[in-house]
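There are 6 protein chains.
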Amino acid sequence: MTDAHPPITAVRTAVARALVEDLEPLGDLTAALLPPGALARGALVARSPGVVAGRLAAVEAFVQIDPAVEVDWLVDDGSGVEVGTTVARVRGPAASIVTAERTALNFLCHLSGVATLTRRFVDAATAGGTARIWDTRKTTPGLRALEKAAVRAGGGANHRGSLSEWVLVKDNHLAGMGIGEAVATARRRWPGRTVEVEADRFSQAREAIAAGADLVLLDNMTPGEVARCVADRGGGRPLLEVSGGMTLDNVSAYAATGVDLISVGALTHSAPALDLGLDLDVTSHTA
Amino acid sequence: MTDAHPPITAVRTAVARALVEDLEPLGDLTAALLPPGALARGALVARSPGVVAGRLAAVEAFVQIDPAVEVDWLVDDGSGVEVGTTVARVRGPAASIVTAERTALNFLCHLSGVATLTRRFVDAATAGGTARIWDTRKTTPGLRALEKAAVRAGGGANHRGSLSEWVLVKDNHLAGMGIGEAVATARRRWPGRTVEVEADRFSQAREAIAAGADLVLLDNMTPGEVARCVADRGGGRPLLEVSGGMTLDNVSAYAATGVDLISVGALTHSAPALDLGLDLDVTSHTA
Amino acid sequence: MTDAHPPITAVRTAVARALVEDLEPLGDLTAALLPPGALARGALVARSPGVVAGRLAAVEAFVQIDPAVEVDWLVDDGSGVEVGTTVARVRGPAASIVTAERTALNFLCHLSGVATLTRRFVDAATAGGTARIWDTRKTTPGLRALEKAAVRAGGGANHRGSLSEWVLVKDNHLAGMGIGEAVATARRRWPGRTVEVEADRFSQAREAIAAGADLVLLDNMTPGEVARCVADRGGGRPLLEVSGGMTLDNVSAYAATGVDLISVGALTHSAPALDLGLDLDVTSHTA
Amino acid sequence: MTDAHPPITAVRTAVARALVEDLEPLGDLTAALLPPGALARGALVARSPGVVAGRLAAVEAFVQIDPAVEVDWLVDDGSGVEVGTTVARVRGPAASIVTAERTALNFLCHLSGVATLTRRFVDAATAGGTARIWDTRKTTPGLRALEKAAVRAGGGANHRGSLSEWVLVKDNHLAGMGIGEAVATARRRWPGRTVEVEADRFSQAREAIAAGADLVLLDNMTPGEVARCVADRGGGRPLLEVSGGMTLDNVSAYAATGVDLISVGALTHSAPALDLGLDLDVTSHTA
Amino acid sequence: MTDAHPPITAVRTAVARALVEDLEPLGDLTAALLPPGALARGALVARSPGVVAGRLAAVEAFVQIDPAVEVDWLVDDGSGVEVGTTVARVRGPAASIVTAERTALNFLCHLSGVATLTRRFVDAATAGGTARIWDTRKTTPGLRALEKAAVRAGGGANHRGSLSEWVLVKDNHLAGMGIGEAVATARRRWPGRTVEVEADRFSQAREAIAAGADLVLLDNMTPGEVARCVADRGGGRPLLEVSGGMTLDNVSAYAATGVDLISVGALTHSAPALDLGLDLDVTSHTA
Amino acid sequence: MTDAHPPITAVRTAVARALVEDLEPLGDLTAALLPPGALARGALVARSPGVVAGRLAAVEAFVQIDPAVEVDWLVDDGSGVEVGTTVARVRGPAASIVTAERTALNFLCHLSGVATLTRRFVDAATAGGTARIWDTRKTTPGLRALEKAAVRAGGGANHRGSLSEWVLVKDNHLAGMGIGEAVATARRRWPGRTVEVEADRFSQAREAIAAGADLVLLDNMTPGEVARCVADRGGGRPLLEVSGGMTLDNVSAYAATGVDLISVGALTHSAPALDLGLDLDVTSHTA
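Those protein sequences? They're chains A, B, C, D, E and F, same order as listed.
Residue 1 is where the first sequence starts when you use my numbering, and the numbers rise one by one after that.
Residue 1 is where the second sequence starts when you use my numbering, and the numbers rise one by one after that.
Residue 1 is where the third sequence starts when you use my numbering, and the numbers rise one by one after that.
Residue 1 is where the fourth sequence starts when you use my numbering, and the numbers rise one by one after that.
Residue 1 is where the fifth sequence starts when you use my numbering, and the numbers rise one by one after that.
Residue 1 is where the sixth sequence starts when you use my numbering, and the numbers rise one by one after that.
What the hints contain is simulated information worked out from the structure, not anything from laboratory work.
Treat the hints with care, since some could be wrong.
Taking lysine to aspartate or glutamate pairs in the EDC-like style, the calculated list, with each CA pair at most 20 Å apart, reads [claimed, not checked]: (1) F/170 / F/82; (2) A/170 / A/200; (3) C/170 / D/279; (4) D/170 / D/82; (5) D/170 / C/279; (6) F/170 / E/181; (7) B/170 / A/219; (8) A/170 / A/219; (9) D/170 / D/181; (10) D/170 / D/200; (11) B/170 / B/200; (12) E/170 / F/281; (13) D/170 / C/281; (14) C/170 / D/281; (15) C/170 / C/219; (16) C/170 / C/181; (17) A/170 / B/279; (18) D/170 / D/219; (19) B/170 / B/225; (20) C/170 / C/200; (21) F/170 / E/281; (22) D/170 / D/123; (23) B/170 / B/123; (24) A/170 / B/207; (25) B/170 / B/207; (26) E/170 / F/279; (27) E/170 / E/200; (28) E/170 / E/219; (29) A/170 / A/214; (30) E/170 / E/181.
With the sequences and hints as input, model every part of the structure.
In structure tokens form, the structure reads like this:
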């Protein structure tokens with residue numbers, strides 16, 4: 001599932017930035033206590049159950065510090081892990097491994113946290129229907145590419161990646177224009193591109209459907225209101241999305257309405273880190 | 001409380017990076033629907049109770065998009081807010097404001113989330129004793145400076161900012177050396193600088209205290225074990241810190257042991273975003 | 001027509017980069033000959049007819065060198081100019097203006113060249129039908145955001161901004177899969193997002209239409225073949241796009257087929273610069 | 001001919017920037033459809049006759065995406081190609097190759113376009129005399145180093161690389177000073193460095209020659225006027241350069257005047273891309 | 001002595017920056033005269049006695065230009081060298097070596113200069129007592145990480161790496177507050193972290209000691225005044241540091257006072273470069 | 001004398017980098033002790049006699065931290081100062097001023113050190129003859145633009161700014177080629193550009209003169225040998241430059257030979273910092 005990985009360009013720069021944060025100006029003061037030539041072997045192990053994401057970034061952290069560190073990855077992004085599952089094995093110069101450890105884990109735990117929360121929402125929604133869970137633009141600044149990949153690793157999909165990808169008309173954009181005119185204007189300016197309309201109530205949803213939007217975002221509606229919109233739509237177009245106040249408790253009820261997509265900002269703005277740690281043995285350099 | 005703000009250099013680059021993520025290559029497709037010259041006024045409003053942080057970044061997001069946007073901030077970082085509290089007022093070209101909105105909020109909600117969780121831990125600890133809450137290096141990659149400032153805004157303190165700031169000797173660093181030798185070596189190499197030792201059990205803590213560490217980190221101990229270490233220390237030196245498994249439920253018990261500092265990784269790796277939104281009125285350009 | 005401007009973030013970094021190219025390490029050796037305090041006034045004037053684009057970048061070039069340079073822009077991006085049309089007036093310290101001049105013009109002439117060629121294609125297509133001209137990913141490395149805005153300034157539209165924006169299935173991606181399966185897979189993985197299929201012959205186009213693609217790219221077909229695809233499609237969906245070998249001579253014939261969109265790589269990879277120059281008067285500093 | 005390559009530092013950063021443009025945030029949506037492990041082999045083939053340039057950048061594009069992609073280059077920068085000439089062979093993971101393809105080609109086609117147009121001017125000038133063709137500072141922002149190398153690949157030479165390299169006195173710089181004084185001032189301030197003077201008419205050229213300039217730029221003169229200046233100069237110094245309105249049609253006439261150098265802004269601001277493409281076979285991963 | 005090396009992240013970016021300075025836009029004009037395929041072997045040789053530092057940066061300079069250059073390092077950072085000592089051997093493509101040579105040497109000579117001056121101060125101080133020499137924040141902008149490592153290579157220690165690492169209260173910070181209050185405030189805000197106080201006279205030093213500072217900086221005192229402060233302190237805490245006007249002539253007298261640390265800004269702001277050169281043999285490519 | 005300033009682009013990035021070094025991640029811990037709203041006034045004062053350089057960078061340091069800091073500069077780059085001369089006055093928020101102080105001074109003291117040493121060499125040379133002092137490529141990595149401007153501020157000139165600016169043929173480049181052939185090749189490849197040849201002995205110098213070099217670098221010759229070369233040259237061309245082992249003691253003797261230029265690596269690699277300090281008064285915020 002290669003589409004669960006972020007672009008390597010984004011990984012490289014995010015890791016380089018994070019290493020600077022943790023190392024400059026003086027480097028790892030404590031690692032300098034290790035005897036020259038000391039080696040280490042270790043295992044990245046899950047301490048909570050969840051879904052792994054962040055492999056590319058974790059490997060990159062070790063390798064940017066020292067290409068002599070070898071990392072064998074045992075489970076790819078998107079795999080479920082239990083307490084005690086070994087995710088990867090690491091081997092090489094001890095000082096390099098302890099220096100890179102925290103940065104590697106910061107990526108791995110955060111991104112696995114995103115994947116894990118996504119999986120929980122996906123599972124909860126599946127109990128109610130076929131709706132897909134997807135993310136929002138409420139991502140952590142600087143990490144959008146990595147977090148959106150982690151959502152995919154968790155089984156979710158990606159809403160637009162930026163303001164530049166598709167049109168999403170909200171009340172504020174109308175400024176007196178009708179929805180139909182807004183959709184028509186957007187189509188003319190941005191042909192071939194997804195045009196989505198946010199609707200706060202049934203009448204707006206109906207207007208957006210009539211206007212030929214590709215997606216209608218039903219915002220802050222009850223499951224009952226959503227069901228009414230679904231029924232009103234008739235066939236499979238446009239796709240209907242719900243957002244606003246989705247929780248693990250209510251997502252199944254929303255999925256049961258027959259809606260197509262459920263957007264959950266919490267996937268990226270409120271996912272607790274997944275607990276993974278590095279169990280390490282430092283050995284003499286003759287090992 | 002100016003020390004609750006991150007360095008402006010870190011703010012500028014983090015915001016610039018985030019705006020690139022959200023705008024390139026085509027810009028805000030939807031904002032382009034707004035009539036030329038449209039103006040807007042809005043209020044950044046809390047939708048959940050908590051503690052605000054991220055003011056500099058939020059302002060920077062608007063101003064980097066358009067210096068004509070005016071932001072009047074009503075409550076500074078570190079202030080508590082209730083549902084409905086207006087945090088700031090924003091005024092200026094409508095297209096600029098809606099374009100910068102999400103980036104500004106992503107910083108504000110994330111950092112306020114960190115400040116809010118910190119405040120909750122601080123309050124919980126206060127119920128038990130005088131121990132201070134502080135953070136760890138388990139920060140979101142690329143945002144360490146901003147998150148550590150948010151911890152201060154929430155009333156917490158900052159553990160070391162990087163591997164480069166002070167020495168923290170863990171088991172892996174000893175590699176056969178005794179704790180006393182490690183502390184002496186560290187002091188020789190890094191004079192004047194904090195030397196901390198991690199201890200997993202009472203005997204190690206005693207050894208670290210005897211070695212003259214400035215800080216001893218009591219890792220994964222029960223409150224009872226911690227209390228024993230506190231009693232054993234006698235006077236006020238070294239400072240004793242606990243870490244490992246701190247929760248809002250048990251932090252008071254740890255504070256009650258008389259320990260000095262309680263480190264909580266969750267402050268920065270698992271804080272849910274605080275819900276703040278921008279209530280906006282788009283007006284004609286003659287407004 | 002604010003959507004004819006690129007995001008300011010992209011403008012700032014592109015201009016900063018260009019100024020470094022032209023100035024470091026020693027600065028403008030020749031400008032240093034000017035008497036201290038010398039002032040200048042000048043006009044950016046078109047020396048060929050065309051369409052202007054690049055205003056933000058040109059202004060940015062002057063202002064990054066010296067905020068004391070004042071630029072009054074007379075015609076916005078997207079405006080047609082004749083030989084002799086004054087595009088902007090510039091005023092300020094003479095050394096600053098001559099130092100920034102070439103960088104400002106390099107942006108302005110290149111981007112206006114893109115806008116001008118776009119307008120020519122748009123006009124030629126209009127003679128044949130209602131098809132829109134749009135661009136491709138064949139942009140100059142490092143200038144995609146600016147060039148795509150210039151295409152809009154010229155009256156064209158923007159095809160996908162990057163590989164990350166929408167799905168475009170070509171032969172190489174099928175690897176044994178049928179078109180229908182590819183479209184279905186793409187829809188499942190990237191819901192809500194444009195899915196386009198490239199077709200080299202009528203049968204493929206028919207297959208892509210049947211598969212429910214949003215866009216079908218008719219590649220290297222004759223106008224006759226395109227007309228057959230248009231007829232076969234029936235209603236307005238999917239949008240049909242032609243590409244491959246479009247020229248100012250044949251674009252009208254393609255537009256006449258009733259196709260919706262015509263992609264022209266040349267807009268960004270082969271547009272000659274539009275000739276604009278700065279007519280400058282250097283005056284004594286008491287002016 | 002290693003001097004036909006740009007510095008590797010410039011190549012690396014230009015390619016990294018271009019890949020970010022095309023891949024972030026979500027990566028190549030379509031490549032993700034390929035079966036895991038799929039391999040591909042391909043050939044970069046010329047579809048128009050011309051001169052190749054951009055090898056370093058094209059290789060860098062593939063390798064930055066995936067070091068497992070192997071590129072065997074068959075003709076170096078500066079070589080002429082015919083329709084059908086294979087420029088390089090590419091082999092490796094299919095997804096990596098299709099993801100990097102457009103970026104590699106954008107560099108290769110643009111830079112080969114520059115080299116090709118240069119060669120055409122060189123050939124045209126050769127028909128008239130021994131004058132060398134060289135470029136200007138009218139380069140595409142951000143690509144100066146790469147474009148100036150492409151000019152060399154095409155057989156041209158490089159005029160000054162930036163405002164920082166040598167002195168070029170134009171009317172605007174004089175501000176009342178005589179040419180003789182300007183040259184003397186420049187020599188004093190910037191000893192050992194080329195001092196060039198722009199002359200719009202014969203009398204100025206004579207003045208510049210008398211002033212001891214190293215180079216005199218004869219701007220917007222007819223071949224007859226140029227010939228007069230050449231005759232007036234006598235011996236081989238200073239070098240005489242013509243600029244302004246050079247075309248493939250008139251360049252021979254200018255070369256025939258005996259002038260030393262002919263500067264052509266069009267080499268870098270108006271060269272159409274050379275058409276090269278990647279013919280690719282995607283194979284099963286067992287291939 | 002791995003702690004004599006700077007973090008590799010800082011080395012990589014400093015070297016990349018330096019190579020851009022020396023190579024762009026046109027590359028090494030002169031190296032292009034070398035015959036294609038020419039190889040070279042050379043030795044980095046000390047031409048003055050001193051202490052070497054900068055190995056990582058020097059290697060990085062060659063390798064960033066061309067990974068085919070092999071560098072065998074014979075003496076590590078911190079080693080003393082005599083006139084004629086070979087520090088490293090270099091082998092590979094001649095053009096690559098001469099192109100990277102100056103950048104490699106600029107790092108090596110500057111950083112070895114810092115290490116050498118540090119060693120001289122260390123040796124001079126040792127003649128008087130056990131005081132350690134350490135550096136200041138008076139570093140060359142952009143090179144702090146590398147210079148502080150060079151100080152360690154010379155046998156010195158590192159004062160705080162930045163304003164962010166520890167508290168140093170000077171007169172200007174007091175603004176009416178007493179020293180005791182300042183120390184207490186600093187401790188409360190920045191627990192666990194070094195708190196240092198600058199004292200200009202005995203009474204202030206006594207106040208700072210009483211306030212419980214970790215370090216007291218005795219600024220611009222005579223050896224006699226320093227000795228009085230040392231005597232007054234009694235036991236080993238706080239550490240006492242002297243600064244202001246330290247020279248190779250007087251440092252021994254200061255060390256003899258029993259003070260713990262002597263800070264010398266000159267280590268990083270006024271160290272002359274150590275003279276090292278590259279003796280090179282260019283050979284035919286069949287060598 | 002505006003040519004004594006470096007390009008503002010180089011200043012901006014060098015200052016931004018230096019501030020990051022000194023402030024991230026936590027900011028100025030000590031400045032946070034100042035009462036909110038405290039103001040300060042101060043004077044940048046010379047504590048040693050010398051020549052000032054670095055004005056743009058010093059101002060930039062204050063303004064990047066806080067645009068509310070006002071800096072009035074009293075003497076421009078290139079001015080001589082005595083002990084006690086006030087160079088500039090600074091006024092604004094106290095915390096901002098103390099935070100930026102060290103960075104501003106690091107630039108100012110280093111660059112003034114370069115200007116001061118340059119002036120000393122210029123003065124010493126003037127005692128012997130009319131030879132100009134100029135610099136080399138032996139600059140501090142990352143600061144070339146600023147240091148070369150400081151050399152100009154000190155009255156020196158700038159040798160080539162990079163390997164990309166002109167050709168300098170050394171023994172290693174010849175690889176069997178004669179000097180005449182090398183010069184001719186260089187002229188053909190890089191027309192209009194300075195071609196310089198290094199000569200270690202009289203016969204080589206004669207060969208280089210005969211070859212028509214623009215500059216001949218007489219390396220490591222005695223004044224007597226240099227005088228012989230000068231005599232041999234006859235007229236004013238080529239320019240003759242000496243290098244190798246120039247000191248304040250011997251430079252006059254070299255100048256007396258009639259040589260044109262004297263290159264001194266020490267100007268940029270071994271200039272001690274000029275001592276300047278900030279005398280500051282922190283006042284209440286009502287001041």
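Hints and how they fare:
1. F/170 / F/82: Violated: residue 170 of chain F and residue 82 of chain F sit about 42 Å apart, past 20 Å.
2. A/170 / A/200: At roughly 9 Å apart (the allowed maximum being 20 Å), residue 200 of chain A and residue 170 of chain A satisfy the hint.
3. C/170 / D/279: 13 Å, holds
4. D/170 / D/82: 42 Å, violated
5. D/170 / C/279: 13 Å, holds
6. F/170 / E/181: 65 Å, violated
7. B/170 / A/219: 50 Å, violated
8. A/170 / A/219: 10 Å, holds
9. D/170 / D/181: Holds: residue 170 of chain D and residue 181 of chain D sit about 13 Å apart, inside 20 Å.
10. D/170 / D/200: Holds - the C-alpha atoms of residue 200 of chain D and residue 170 of chain D are around 9 Å apart, at most 20 Å.
11. B/170 / B/200: 9 Å, holds
12. E/170 / F/281: Judged against 20 Å, a Cα distance of about 12 Å means the pair holds.
13. D/170 / C/281: Distance ~12 Å between residue 170 of chain D and residue 281 of chain C Cα, so the pair holds.
14. C/170 / D/281: 12 Å, holds
15. C/170 / C/219: 10 Å, holds
16. C/170 / C/181: Roughly 13 Å between the alpha carbons, so the hint for residue 170 of chain C and residue 181 of chain C holds.
17. A/170 / B/279: 13 Å, holds
18. D/170 / D/219: 10 Å, holds
19. B/170 / B/225: Within the cut-off at roughly 19 Å; holds.
20. C/170 / C/200: 9 Å, holds
21. F/170 / E/281: 12 Å, holds
22. D/170 / D/123: 30 Å, violated
23. B/170 / B/123: With a Cα-Cα distance of about 30 Å, the restraint between residue 170 of chain B and residue 123 of chain B is violated, given a limit of 20 Å.
24. A/170 / B/207: Roughly 63 Å separates the two Cα atoms, so the pair is violated.
25. B/170 / B/207: Given that 20 Å is the threshold and the Cα spacing comes to 13 Å, the pair holds.
26. E/170 / F/279: Given pair residue 170 of chain E, residue 279 of chain F holds - Cα atoms ~13 Å apart, limit 20 Å.
27. E/170 / E/200: 9 Å, holds
28. E/170 / E/219: The hint holds at about 10 Å.
29. A/170 / A/214: With Cα atoms ~14 Å apart, residue 170 of chain A and residue 214 of chain A stay inside 20 Å; holds.
30. E/170 / E/181: 13 Å, holds
The structure fails hints 1, 4, 6, 7, 22, 23 and 24 (numbered hints given earlier, in ascending order).
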